[in-house]
Every structure is written in structure tokens, then in C-alpha cells.
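Chains as they are written, first to last, in our numbering: chain A, 1061 to 1396; chain B, 1061 to 1396.
Some clues are possibly wrong.
Only some residues are given here: those of chain B computed to face chain A with a beta carbon under 8 Å [as the list claims (entries may be wrong)]:
1) R1066
2) N1092
3) D1096
4) A1102
5) V1118
6) P1121
7) G1187
8) I1189
9) F1201
10) S1205
11) E1304
12) T1376
13) T1380
14) R1394
List of simulated lysine to aspartate or glutamate pairs, EDC-like, C-alpha gap at most 20 Å [stated by the list, open to error]:
15) K1089/B / D1080/A
16) K1109/A / E1108/B
17) K1194/B / D1198/A
18) K1312/B / E1323/B
19) K1089/A / D1171/B
20) K1194/A / E1158/B
21) K1109/A / E1303/B
22) K1194/B / E1304/A
23) K1194/A / E1159/B
24) K1123/A / E1193/B
25) K1109/B / E1149/A
26) K1339/B / D1171/B
27) K1339/B / E1303/B
28) K1312/A / D1250/A
29) K1097/A / E1149/B
30) K1194/B / E1159/A
31) K1123/B / E1193/A
32) K1097/B / E1193/A
33) K1194/A / E1304/B
34) K1097/A / D1080/A
35) K1339/B / E1304/B
36) K1222/B / E1108/B
37) K1194/A / E1323/B
38) K1194/B / E1193/A
39) K1089/B / D1198/A
40) K1089/A / E1149/B
Everything labelled a hint here was simulated from the structure, so no lab data went into it.
Note that CB positions come from ideal geometry on N, CA and C, so glycine has one too.
Residues per chain, in single letters:
Protein chains: 2
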Amino acid sequence: MQSKQRILLGHGSGGRLTHDLIRTAILSKFGNPILDKLTDSAVLPYREKLAFTTDSFVVTPWKFPGGDIGKLAVCGTINDLAVQGARPEYLSVGLIIEEGLPYAVFNTIIDSMAQAARKSNVAIATGDIKVVEKGACDTIFINTSGVGRLVTRRDLSAQRIKPGDAIILTGTIAEHGLAVLASRRGLDLDLGITSDCQALDSLLVPLAGKIGGIKFMRDPTRGGLATTLHEIAESAGLGIIVEERKIPITSKVRAACELFGIEALFVANEGKAVLVADKGVSGTIVRNLRRHPFGRHAAVIGTITSGAKNHVILHTSVGTQRLIDMMDAEPLPRIC
Amino acid sequence: MQSKQRILLGHGSGGRLTHDLIRTAILSKFGNPILDKLTDSAVLPYREKLAFTTDSFVVTPWKFPGGDIGKLAVCGTINDLAVQGARPEYLSVGLIIEEGLPYAVFNTIIDSMAQAARKSNVAIATGDIKVVEKGACDTIFINTSGVGRLVTRRDLSAQRIKPGDAIILTGTIAEHGLAVLASRRGLDLDLGITSDCQALDSLLVPLAGKIGGIKFMRDPTRGGLATTLHEIAESAGLGIIVEERKIPITSKVRAACELFGIEALFVANEGKAVLVADKGVSGTIVRNLRRHPFGRHAAVIGTITSGAKNHVILHTSVGTQRLIDMMDAEPLPRIC
Chain A
1061 MQSKQRILLG HGSGGRLTHD LIRTAILSKF GNPILDKLTD SAVLPYREKL
1111 AFTTDSFVVT PWKFPGGDIG KLAVCGTIND LAVQGARPEY LSVGLIIEEG
1161 LPYAVFNTII DSMAQAARKS NVAIATGDIK VVEKGACDTI FINTSGVGRL
1211 VTRRDLSAQR IKPGDAIILT GTIAEHGLAV LASRRGLDLD LGITSDCQAL
1261 DSLLVPLAGK IGGIKFMRDP TRGGLATTLH EIAESAGLGI IVEERKIPIT
1311 SKVRAACELF GIEALFVANE GKAVLVADKG VSGTIVRNLR RHPFGRHAAV
1361 IGTITSGAKN HVILHTSVGT QRLIDMMDAE PLPRIC
Chain B
1061 MQSKQRILLG HGSGGRLTHD LIRTAILSKF GNPILDKLTD SAVLPYREKL
1111 AFTTDSFVVT PWKFPGGDIG KLAVCGTIND LAVQGARPEY LSVGLIIEEG
1161 LPYAVFNTII DSMAQAARKS NVAIATGDIK VVEKGACDTI FINTSGVGRL
1211 VTRRDLSAQR IKPGDAIILT GTIAEHGLAV LASRRGLDLD LGITSDCQAL
1261 DSLLVPLAGK IGGIKFMRDP TRGGLATTLH EIAESAGLGI IVEERKIPIT
1311 SKVRAACELF GIEALFVANE GKAVLVADKG VSGTIVRNLR RHPFGRHAAV
1361 IGTITSGAKN HVILHTSVGT QRLIDMMDAE PLPRIC
């Protein structure tokens, strides 16, 4: 009953509760053919087709191995455009700052944002600053919205996915969530895990423009790879079989997951993408991805099936099969 | 020294400190020809020229006479597009919610947003939900970004303003800030002041498309009319003379300002615009504005001068003259 009456942390997890909230309380009110697609970026039907996306970042702590909230806010929105097959071009930046934030921290975050934007040749076109009194927000929250130009001939859409299509992952999983978690707990123990926080435009946009057989892309952030695969299965109305041994993962991540007692499949990534493509072009895609530093560990990890509709089945390394559910609540709040 | 080392509430006031922060710490890092204009919306050079804007809303309390944070978030971004001479078309919505927010409040806010968007025929195209733990934010913060199509033949720009141009205000001032303030203090005393929170697209966009003599528009929100006039004077590198007795203001607002000891010129509006236009078309503009329910009290309130560069001079009702400065710090934090 409680969960029906109040918003819970899990409603922001990106998992099942988020999906339920969006479907019951948001789409019923805001719904329109563009929003209803629930793609990472909306496609705006101008004379040039544009992608449009938004994301708020509330990560704590504001700095972690491999990045900070500024880099994350720019890369995250660039990635939402890139997985829609759009070249990121313009960002907006909305800052909500807690009174008393040291200038040095503010400047570090702004520098990170400027550097990340420059690297992807994205212009920050517009912005807004709000300051709230001490205690009314935690350090700093950043919203970035983005506009980009579609490079694909056909819109990427889960509705184009067919049985037999290949599922490709661009690299190793679970590094971002673990890097944030380790820095949050103030562990002196250095896990040696760095967030994968990075902009994927240079990896994905040229590929999306070139290879028509790519049908859908998504970056597995909150809720991890498992949640993204679920979203794909449900949007396509098909099943997914994933081979555990083919999922790229480092031994450090494996060890850290055991230490914390969490499952890597549900841990957030911030520099990876899942691609669904015609089986016939999957080899070409993987070869192309591996030539890029952010795609060195790219691999086909599974396949779309006509059976087990809306389900994700994991063929485990030990030869068993199990159903992978969408993340329910929130094991690691505020990792992005 | 303190103010150099930490972000203060005043840095979010929209006044002098905000301007200083943007110029010293933001534009030096993010600067580019589009952002540097510091217009309410950026103009994106696509084949159809698009306006792009963002705003975060942190108003407290979340509900006030005449509106709530949801209505404000939709109308505020619509207004930033409208004052750029753009027809608002697509919004993004980024929600940051404090864990434990009652569903009833959430639904009320979503309903307000949906209703405001529908009224202006704007589609919510994309969105994001974050939930933070209790105490990590105050109730709910909303970012809306917006995209619209320019209807003007020439871009509205303060650089087009010339001495002799007329300054037009679309209606009475200071209602939003006072309505929020009164509801915040929990006064039983009913001031009878309702926020002017409303979307100005139907008032401004047809006019901007029709009358070429309109050179610049801005909605006087944080920092009030005084701050907006200052921004105009400084952007144009010219002076402004304003006639106090021509500024529309209700007797209730006058009384409330005396009660609270604040100056109406510095109090936020959320449903008004300042227009700068050729003197020759100012009569036509005022007549057009007055035909619309949101422009009934429109009036020419002042003029652009070549003297007193970068300054705003008020000709008071009692016959004296005084310099009106930009708001320095923040008398009323979190009114939007």
C-alpha cells in the first residue's frame, strides 16, 4: 500500500518501478506518438530529422574514479543521442547548486563539462542556474538536454527487430556503478575499477550512418545490461537469449561484485551500448567496433528469438538456463 | 572573500551575482557564438531555424495561488521560446523527486504539466525521472527544455535596438513573486494576489511573426522588471528611461510590497514580457496586445536613449529621477 501512495527510491532506479510509474502515471497524461516510443532520444519531425533528449544527473559523490558529475552529464546525453543514430550537436545545461558549494568544485565540474563537450564537438547552446539553500539539494544536480541530427536512413526502432537478429555489446560491463559505489563508501581498498564514463558518438554514429542492418541501440545505464535487454525484448515483443560467457567482464569487476554481493548484469554502465542488428552484418559491426578504443571488447552476446516473448534467458557459463528479470528496485541509488 | 570561494544563494538570483558568475566562470569555458548571445532561447541554425532553451524549477512551496511547479515549469519554458519569436513545439521534462513524495502530489503536478502543454499545443517529447533519498532534495525539482520554430523573419536580438525605440510591458508586475512569498510564509492573511503564471505563446508569437519592428523580447522573471531592463540596456550598450507612472501595477501589489518592505520592480513575474520595438509600431503593438486577455494592461513604459549607456533611469511618480540597479543578491529565493 505504501508503494502506491508515495514515490520510492526504486521509482528512480530505471527498473521495473520506473517503468510502471512511466506507464501508469506519465504516459496516460503526457502521451503522444513521439513520447510513447520511449526511445533514448525523441525524433522530431523537422525538415532535417532531429533527435531530442534530456537527462538529470544526481550522482553522489560528485567525483569518482574515471569522471565526475560534469563529464557524466555531458557524456550521458551525448550517448542518448548517439544510440538514436544522431550526431550530437547542441546541449543545454541546467544547474541546481546547493548554497555554499566551493568555487573550486564548481569550476572543476564546469571544466569537465567543457572538455567533454569539446571532445565530441558539441556546443553548449543554452543554460540555466538555480541555487537553493543549504540542505535543499545535495551538492549539485545537473540536467543536460541535447539536440542532434539523425544520420540513419531509417529510424532506429525496437519495432524493426526480428527473430534471428544478433545482440552486440560494445565492451565490458558494470564498471561505472562499481566505481561510484567504491568511492561512495570511502573504501581505502582500491578496487582498481574506473568508471567507463565516455562519449560514444565517435564509436556509434559513423556505424549507424553506414550499416543499415542496425535496428536498435541503447546504452545500458541504470539497471544495467539486464534491464536494457528486458526493455528491448518487451518493446520488440520477442525473446532474448544471452550467452553469459560471451559477455565481456573484467576479473576485477567479477571480484568486486562478489565482494559487494551484487550482480554485474544489473550494475550501471556509462560508456557502453547494446546494438541489435541483422545477423548477416553482425560480424562487420563487431570488426568495426573493435577498431575503436571504446569498442575493443565488442562481442555478439546473444540473439533474438520468437519464443519466450518479452523474456530474457541467460545461458550461464555452467550450462544452466535462467530467466533474467528487469531490476525491481534500486540496489545502488544515485549512480548517475 | 567568502563570496569568491563559495556559491551563494545570490548566484541563483538572476541578478548581478548570477551575471557575474555566468561571465566569469561559465562563458569562459562554454562560450561559443550561440551561447554568448545569452538570449532566453538559443537559435540553432538548422534548415528551419530552431529555438532551444532550458530552465530548472525549484519553487517552494510547490503550490501557490495561481499555479504549481508543474504549470510553472511548462509555462516558463514556453515563454522563453515565445520571447525569442519561436512557436513552442516540443518539451523535455526532467524530474528530480525526493523519496516519499505522496503520489497525490506527484499526480497533481503531472496533471498541471499536461494541461499547460495541451493548452499551448506543445508535445512532451522526452523525459527522465530521478529519485533521491529523503533530504537530498526539497520535494521536487523540474527541468524543462524546449524546442520551437522561429516565426520571425529576422532574429530578435538586443543588438538591433536603437535610441528612440519604445519599451512595452504586456501587463501588471510583481504578482508571481508575491503570491509565492505569501503562500510560503503561511499567512492566514489572504493578500488576494494570484501568480500571473501563464504561457505567452498565443500573445507573443503571432505578433512577432507579423510586426517586423519588434527587435527584442524578454520575460521579466527572477530579478523582476528592473533586472530585465538592465540586461537590455547592457546588451544593447544603450540607456533606458522608464516612466514609473506608466508601469502597470495593482493596488494590492502596491500594498503587499509595502507590507513586506520590498520593491515591486525587483519581484518576479511569470506571465509578462518586455518588448523593445520601433517607436513607429509601438501603438499598433499595444493595441494588439490589449485585445488578448494576457495583454489587457499593456503599455509603453519607457524609451531607449543614447545617453546613460548601460543604465536604467526611473522617472518617478513624484517627479524625481533615480538610477535603478540590477538586483544584487536574492530577496526572495526559490520563486521559480
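Is the straight-line distance between the alpha-carbon of K1339/B and that of E1303/B 20 Å or less?
-> 16 Å, holds
Pairwise hint evaluation, E1159/B against K1194/A, where the allowed Cα distance is 20 Å at most = Measuring from Cα to Cα gives roughly 18 Å; hence the hint holds.
Any CB of chain A closer than 8 Å to the CB of S1205/B?
-> Because about 4 Å separates S1205/B from the closest Cβ in chain A, which is inside the 8 Å limit, the hint holds.
Should the interface hint for I1189/B be scored as holding, given a Cβ-Cβ cut-off of 8 Å against chain A?
-> 6 Å, holds
Given T1380/B as an interface hint, is the shortest Cβ-Cβ distance to chain A below 8 Å?
-> Violated: closest Cβ of chain A sits about 35 Å from T1380/B, beyond 8 Å.
Between K1097/A and E1149/B, does the CA-CA distance stay at or below 20 Å?
-> 18 Å, holds
Hinted pair K1194/A and E1158/B, Cα distance within 20 Å = 16 Å, holds
Would the hint on V1118/B stand, with a C-beta cut-off of 8 Å toward chain A?
-> This interface hint holds because 5 Å falls under the 8 Å limit.
Please work out if K1089/A and D1171/B have their alpha carbons no farther apart than 20 Å.
-> Answer holds: K1089/A to D1171/B is near 7 Å, not above 20 Å.
Take the C-alpha atoms of K1194/A and E1304/B, compute the straight-line distance between them, and say whether it is at most 20 Å.
-> Distance of about 37 Å is beyond 20 Å: violated.
Under 8 Å, Cβ to Cβ, is where F1201/B needs to be relative to chain A, so tell me if that hint holds or is violated.
-> 6 Å, holds
Given the hint that K1312/A pairs with D1250/A, does the C-alpha gap stay at or below 20 Å?
-> Judged against 20 Å, a Cα distance of about 11 Å means the pair holds.
When the structure is compared with the earlier hints, violations turn up for hints 3, 6, 11, 12, 13, 15, 21, 22, 26, 32, 33, 36, 37 and 39 and for no others.
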